[in-house]
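In case you want the letters, here they are:
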Amino acid sequence: MELFNQLYMGFSVALQPNNLIYCFLGTLIGTLVGVLPGLGPVAAMSLLLPATFHTTPEGSIIMLAGIYYGAMYGGSTTSILMNIPGEAASIVTCLDGHEMAKQGRAGAALGIAAFGSFIAGTIGIIGMQLLSVPLVSFALKFGPAEYCSLMVLGMVVLTFLASASMVRALMMASLGLVLGCVGQDTVSGLMRFTYGVPELFDGIGLVPVVMGLFGISEVLLNVERVAKQEFLEGKIKGLLPTMKDWAKSIWAIIRGTVLGFFLGILPGGGGTIAAFASYAIEKRISPYPEKFGKGAIEGVAGPESANNAAAQGAFIPLLSLGIPSNVVMAMLLGALIIHGVTPGPLLLEQHPQLFWGVVVSMYVGNIMLLILNLPLIALWVKVLKVPYSILFPLILLLCLVGAYSINNSMADVWFTLGFGILGYLMKKLSLEAAPMVLAFVLGPMLETALRQSLIKSNGSFSIFFTRPISAAFIGIAILLFFVPMLPKLRKKRPGAVIGGDDEI
Amino acid sequence: MRTYSVCNVVLIVFGAVVCMGSVRLGFGSFSDPGAGFMPILCSLFLIALSAFDLVFGVVSHWETDRKDEEIWADIDWGRLVTTVAMLTMYTILLPLVGFCFPTVLLLLFLFRLIERRSWWRAALWAVVVTAAFYLGFGLALGAQLPKGVLGL
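Quick mapping for you: the protein sequence lines, in order, are chains H and A. Sequential numbering from 1 applies to the first sequence in this note's numbering. Sequential numbering from 505 applies to the second sequence in this note's numbering.
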């Protein structure tokens with residue numbers, strides 16, 4: 001009964017005309033940035049964040065969330081038609097999606113990607129609805145030690161999954177933690193590494209770091225090499241998958257959904273990792289693995305479902321624990337704080353209309369996205385024909401102006417440029433930016449939790465091992481940390497095949 | 505391989521500088537951690553990992569690491585350095601003369617020199633994109649754009 005009351009409350013918020021418009025705008029912009037290669041949800045969100053300051057918190061979060069899961073839908077279109085990932089989580093869709101398109105089955109690939117995303121998105125929202133309340137009561141048992149251990153686990157998971165070299169990924173995470181220390185110390189009030197620069201008092205902003213590392217660096221790489229633009233001409237037919245396609249895909253969609261959802265919940269997980277993991281699993285259990293990479297529809301259905309389910313799952317740690325599991329969630333955390341809402345276990349109690357309004361808006365948004373991505377596919381195909389030479393200067397502009405518009409600060413533009421050069425060098429050396437950014441985001445929270453835990457335990461680190469929840473998190477983290485050292489397991493680690501980077 | 509070693513050394517030096525700066529902030533004690541506590545731990549971790557990678561990475565990543573000549577091959581340094589210089593100029597000009605003028609200049613440069621479009625086509629695109637950006641983001645969506653002496 002309570003569930004119906006919650007749903008009723010959610011619908012009464014989500015179906016307000018204003019919120020419907022915000023939801024539509026979010027999903028539309030999300031699909032657009034998803035379709036455009038090199039542009040992702042963070043760039044769009046940072047540009048539009050200031051525009052949402054004057055709206056209600058519900059409207060703001062509904063729109064920003066729409067951008068995120070909309071980008072997951074849109075990304076597949078570019079991967080399938082152009083063999084370029086429109087969004088980082090769609091990298092793996094290129095493998096079979098583009099092959100299907102070359103065989104004249106672009107319609108089926110686009111169709112199954114959209115339906116898979118819709119099914120996964122919807123199941124993900126139901127999961128979110130069912131899991132959030134129990135998780136909140138579980139999270140109320142969390143003290144600083146549990147938070148600290150969970151964040152450590154999140155960082156270890158990301159370095160374990162996302163990189164070929166765990167030591168280098170951990171190096172990048174440490175660098176991110178160091179950068180996260182810049183600014184005023186929350187406990188003592190002392191300034192750290194600010195060198196008298198007022199813009200640094202609040203620390204280095206997340207947006208300049210992300211825009212620089214992922215956006216500017218990509219443009220600089222593009223300056224030194226000319227990208228080949230491959231586009232499949234011809235009208236796209238047969239967007240409705242056949243019964244045979246469904247029979248092949250349905251289990252891949254279900255597996256992708258479950259896997260993606262749980263990887264999304266985990267701090268450090270997310271759409272990109274979920275998509276890669278789903279592809280690896282589908283290939284491994286398939287009776288015809290040799291067809292993967294040559295146009296197997298499961299290779300599109302699984303990963304596309306996984307990244308959408310992960311996008312929904314990622315909201316759970318943010319809304320119930322207050323821990324952002326990826327950069328996009330960190331942006332949403334910022335947006336919530338700007339509106340005076342503190343995410344965490346008390347959010348559900350203090351702002352139920354916001355929580356349920358956002359959850360229900362996702363149902364509405366998913367239906368909007370299905371319409372945007374299937375009957376209106378021709379529109380996105382036109383968008384895809386915008387040449388790179390127009391697109392890359394535009395990305396540059398979006399990054400620099402996006403960084404400026406958040407705080408009206410030129411210092412942020414300088415930081416963006418600086419991190420752009422750093423990101424370029426990191427890309428040259430195949431050092432991953434994702435662990436660095438997650439550590440940068442979690443760093444200040446981790447520090448507070450660590451210091452509080454130590455004060456509470458009178459300086460003893462045993463607090464992390466004697467409390468059962470914390471001990472479990474730390475145990476898994478230690479296990480993952482040492483697994484790559486076992487020679488037998490070294491080559492089986494997903495990181496050995498996942499080279500996925502994130503994007504803006 | 506040399507590039508990776510240089511990178512490790514840079515990170516070790518960076519970590520050492522942060523560590524020394526953090527000592528001045530005060531480590532405190534484990535029961536009462538000071539402002540320098542977290543930076544010291546993180547920088548020590550960074551130094552340890554970089555040193556490990558410096559010593560053992562060369563051996564363990566011998567096959568997977570890209571060779572120096574691969575990393576720095578086929579780079580058009582002229583284009584790269586000019587782009588960074590243009591972006592720096594753009595960032596200097598933004599607060600002085602506002603959004604529109606430097607943006608047209610930057611785009612003109614990118615379209616002409618990087619994308620090799622004809623001058624008139626580059627100029628046309630630069631003006632169109634800047635105007636669309638200004639109208640779309642600045643006016644319609646209310647995003648904050650830098651305003652210089654020209655107010656644009």
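Source of the hints: derived by calculation from the structure; they are not laboratory data. In this text the structure is predicted, and so the values were computed from the model without any measurement. One thing to keep in mind: the hints can contain errors.
As the list claims (entries may be wrong) - Here are the simulated DSSO-like pairs of lysine-lysine, each with C-alpha atoms no more than 27 Å apart in a straight line:
| id | chain 1 | residue 1 | chain 2 | residue 2 |
| --- | --- | --- | --- | --- |
| 1 | A | K651 | H | K428 |
| 2 | A | K651 | H | K427 |
| 3 | H | K294 | H | K283 |
| 4 | H | K294 | H | K102 |
As the list claims (entries may be wrong) - Over the 10 Å line for every Cβ pair with chain H, so calculated as not near, a few chain A residues:
| id | residue |
| --- | --- |
| 5 | I575 |
| 6 | T595 |
| 7 | V601 |
| 8 | F605 |
| 9 | I618 |
| 10 | W623 |
| 11 | A627 |
| 12 | V631 |
| 13 | V633 |
| 14 | A635 |
Every residue gets a Cβ at the ideal spot worked out from N, C-alpha and C, and that includes glycine.
Hint by hint, here is what the structure shows:
Between the alpha carbons of K651 of chain A and K428 of chain H the distance comes to roughly 36 Å, so the proposed pair goes past 27 Å and is violated. Between K651 of chain A and K427 of chain H, the direct Cα distance comes to roughly 34 Å. Violation of the 27 Å bound is thereby established for this hinted pair. Straight-line distance between C-alpha atoms of K294 of chain H and K283 of chain H comes to about 12 Å, which keeps the hinted pair within the 27 Å bound. Between K294 of chain H and K102 of chain H, the direct Cα distance comes to roughly 10 Å. Compliance with the 27 Å bound is thereby established for this hinted pair.
Its beta-carbon lying about 5 Å from the closest one in chain H, I575 of chain A breaks the requirement of being farther than 10 Å from that chain. For T595 of chain A, the condition that its CB be more than 10 Å from all CB atoms of chain H is violated, with the nearest at approximately 5 Å. No Cβ of chain H comes within 10 Å of the Cβ of V601 of chain A; the nearest lies about 13 Å off, and the non-interface call holds. For F605 of chain A, the requirement that its beta carbon stay farther than 10 Å from each beta carbon of chain H is met, with the minimum near 14 Å.
Residue-level check failed: I618 of chain A sits 6 Å from the nearest beta carbon of chain H, not beyond 10 Å. With a cut of 10 Å on Cβ distances, W623 of chain A stays outside the contact zone with chain H, its closest approach being about 14 Å. No beta-carbon of chain H comes within 10 Å of the beta-carbon of A627 of chain A; the shortest separation is about 13 Å. Here V631 of chain A stays apart from chain H, with its beta-carbon at least about 13 Å from theirs, past the 10 Å limit.
For V633 of chain A, the non-interface assignment is contradicted: its Cβ lies about 6 Å from the closest Cβ of chain H, within the 10 Å cut-off. Listed as a non-interface residue, A635 of chain A keeps its Cβ farther than 10 Å from every Cβ of chain H; the least gap is roughly 12 Å.
Hints 1, 2, 5, 6, 9 and 13 from the earlier list are contradicted by this structure; the remaining hints agree with it.
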